[in-house]
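Engineer: Sequence:
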Amino acid sequence: MMARVPAWDPQLLWYTVAMVGSLLVGAAIVALVDRWRKKRLLRESEPADQLARYTALHEKGDLSSEEYERIRKLFKSRMVQKLAAQEPKPPQSEPSAPPAADPENPQNPAN
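Residue 86 in the numbering used here is what sits at position 86 of the sequence shown, and the numbering runs on without skipping anything.
Source of the hints: derived by calculation from the structure; they are not laboratory data. Just to be clear, a hint being listed does not mean it is correct.
Estimated spans, in silico, between C-beta atoms of each pair [what the hints assert, rightly or not]:
{"no.": "1", "residue 1": "Asp62", "residue 2": "Leu41", "range": "15 to 25 Å"}
{"no.": "2", "residue 1": "Leu41", "residue 2": "Lys73", "range": "17 to 27 Å"}
{"no.": "3", "residue 1": "Lys38", "residue 2": "Ala85", "range": "21 to 31 Å"}
{"no.": "4", "residue 1": "Ala85", "residue 2": "Leu24", "range": "44 to 54 Å"}
{"no.": "5", "residue 1": "Ile29", "residue 2": "Lys73", "range": "33 to 43 Å"}
{"no.": "6", "residue 1": "Ala18", "residue 2": "Lys39", "range": "30 to 40 Å"}
{"no.": "7", "residue 1": "Ser64", "residue 2": "Ala28", "range": "24 to 34 Å"}
{"no.": "8", "residue 1": "Arg53", "residue 2": "Val25", "range": "27 to 37 Å"}
{"no.": "9", "residue 1": "Leu24", "residue 2": "Ser64", "range": "33 to 43 Å"}
{"no.": "10", "residue 1": "Trp8", "residue 2": "Val30", "range": "26 to 36 Å"}
{"no.": "11", "residue 1": "Arg70", "residue 2": "Val20", "range": "35 to 45 Å"}
{"no.": "12", "residue 1": "Arg53", "residue 2": "Gln86", "range": "14 to 24 Å"}
BS3-like cross-link-like pairs, simulated, lysine-lysine; straight-line CA separation at most 25 Å [claimed, not checked]:
{"no.": "13", "residue 1": "Lys73", "residue 2": "Lys60"}
{"no.": "14", "residue 1": "Lys39", "residue 2": "Lys60"}
{"no.": "15", "residue 1": "Lys82", "residue 2": "Lys39"}
{"no.": "16", "residue 1": "Lys82", "residue 2": "Lys38"}
{"no.": "17", "residue 1": "Lys60", "residue 2": "Lys82"}
{"no.": "18", "residue 1": "Lys39", "residue 2": "Lys76"}
{"no.": "19", "residue 1": "Lys73", "residue 2": "Lys39"}
{"no.": "20", "residue 1": "Lys76", "residue 2": "Lys38"}
{"no.": "21", "residue 1": "Lys76", "residue 2": "Lys60"}
{"no.": "22", "residue 1": "Lys73", "residue 2": "Lys38"}
Just so it is clear, CB atoms sit at the ideal spot from N, CA and C, and this is done for glycine as well.
Turn these sequences into a full structure, and let the hints guide you.
Structural biologist: Structure, rendered in structure tokens:
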């Protein structure tokens with residue numbers, strides 16, 4: 001008599017679970033790295049560029065008018081801060097010349 005081979009092998013189930021788990025962990029890692037990368041790029045972009053993106057979303061109807069106005073005010077204040085930080089500072093005045101010597105007493109300068 002021949003030995004019966006089971007139609008369903010439990011070891012196959014464990015291999016399948018391990019493979020699916022590995023794929024899910026890999027997909028989660030890829031998603032997290034992509035999310036981190038996009039967040040970093042968004043932080044590095046100019047406030048005017050970000051506002052343009054939100055304006056496009058508002059025009060498409062993805063943002064309500066209230067949300068858009070709140071975001072617009074936030075980015076407007078950021079742009080003003082950035083412009084204020086970029087303004088050239090006035091040149092510092094040259095140090096004043098030492099006080100002239102007192103003609104009556106050449107050893108003591110005039111105050």
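Engineer: Does each hint hold? Answer for all of them.
Structural biologist: Quick rundown of the hints versus the structure:
Taking 15 to 25 Å as the suggested C-beta distance range, the pair Asp62 and Leu41 conforms, at roughly 20 Å. Remark: the range hint 17 to 27 Å for Leu41 to Lys73 is upheld by a beta-carbon distance near 23 Å. Our hint of 21 to 31 Å for Lys38 and Ala85 holds, since their Cβ atoms are close to 26 Å apart. Checked against the hint of 44 to 54 Å, the C-beta distance between Ala85 and Leu24 comes to roughly 45 Å, which is consistent with it.
A hinted range of 33 to 43 Å for the beta carbons of Ile29 and Lys73 is consistent with their spacing of about 37 Å. Here the CB-CB span from Ala18 to Lys39 is close to 32 Å, well matched to the stated 30 to 40 Å. The hinted window of 24 to 34 Å between Ser64 and Ala28 holds, with their beta carbons roughly 32 Å apart. Between Arg53 and Val25 the Cβ separation comes to about 32 Å, which falls inside the hinted range of 27 to 37 Å.
Separated by about 35 Å at the C-beta atoms, Leu24 and Ser64 satisfy the suggested range of 33 to 43 Å. For Trp8 and Val30, the Cβ-Cβ distance of about 33 Å falls inside the hinted range of 26 to 36 Å, so the restraint holds. Distance hint check: the CB atoms of Arg70 and Val20 are about 43 Å apart, consistent with the given range 35 to 45 Å. Separated by about 22 Å at the C-beta atoms, Arg53 and Gln86 satisfy the suggested range of 14 to 24 Å.
Distance restraint check for Lys73 and Lys60: the Cα-Cα separation of roughly 20 Å lies within the 25 Å cut-off, and the hinted pair is therefore satisfied. Between Lys39 and Lys60 the CA atoms are separated by roughly 22 Å; this keeps the pair inside 25 Å, and the hint holds. Distance restraint check for Lys82 and Lys39: the Cα-Cα separation of roughly 20 Å lies within the 25 Å cut-off, and the hinted pair is therefore satisfied. For the suggested pair Lys82 and Lys38, the alpha carbons sit about 22 Å apart, so the restraint of at most 25 Å is met.
With a C-alpha separation of about 28 Å, the suggested pairing of Lys60 with Lys82 is violated against the 25 Å cut-off. Distance check on the hinted pair: Lys39 and Lys76 sit about 20 Å apart at the alpha-carbon level, within 25 Å; holds. Straight-line distance between C-alpha atoms of Lys73 and Lys39 comes to about 21 Å, which keeps the hinted pair within the 25 Å bound. A threshold of 25 Å between alpha carbons decides the hint, and for Lys76 with Lys38 the separation of about 22 Å falls inside it, so the pair holds.
A distance of roughly 21 Å separates the Cα atoms of Lys76 and Lys60; the hinted pair therefore holds under the 25 Å criterion. Distance restraint check for Lys73 and Lys38: the Cα-Cα separation of roughly 23 Å lies within the 25 Å cut-off, and the hinted pair is therefore satisfied.
Comparing the model with each numbered hint stated earlier shows that hint 17 is the single one that does not hold.
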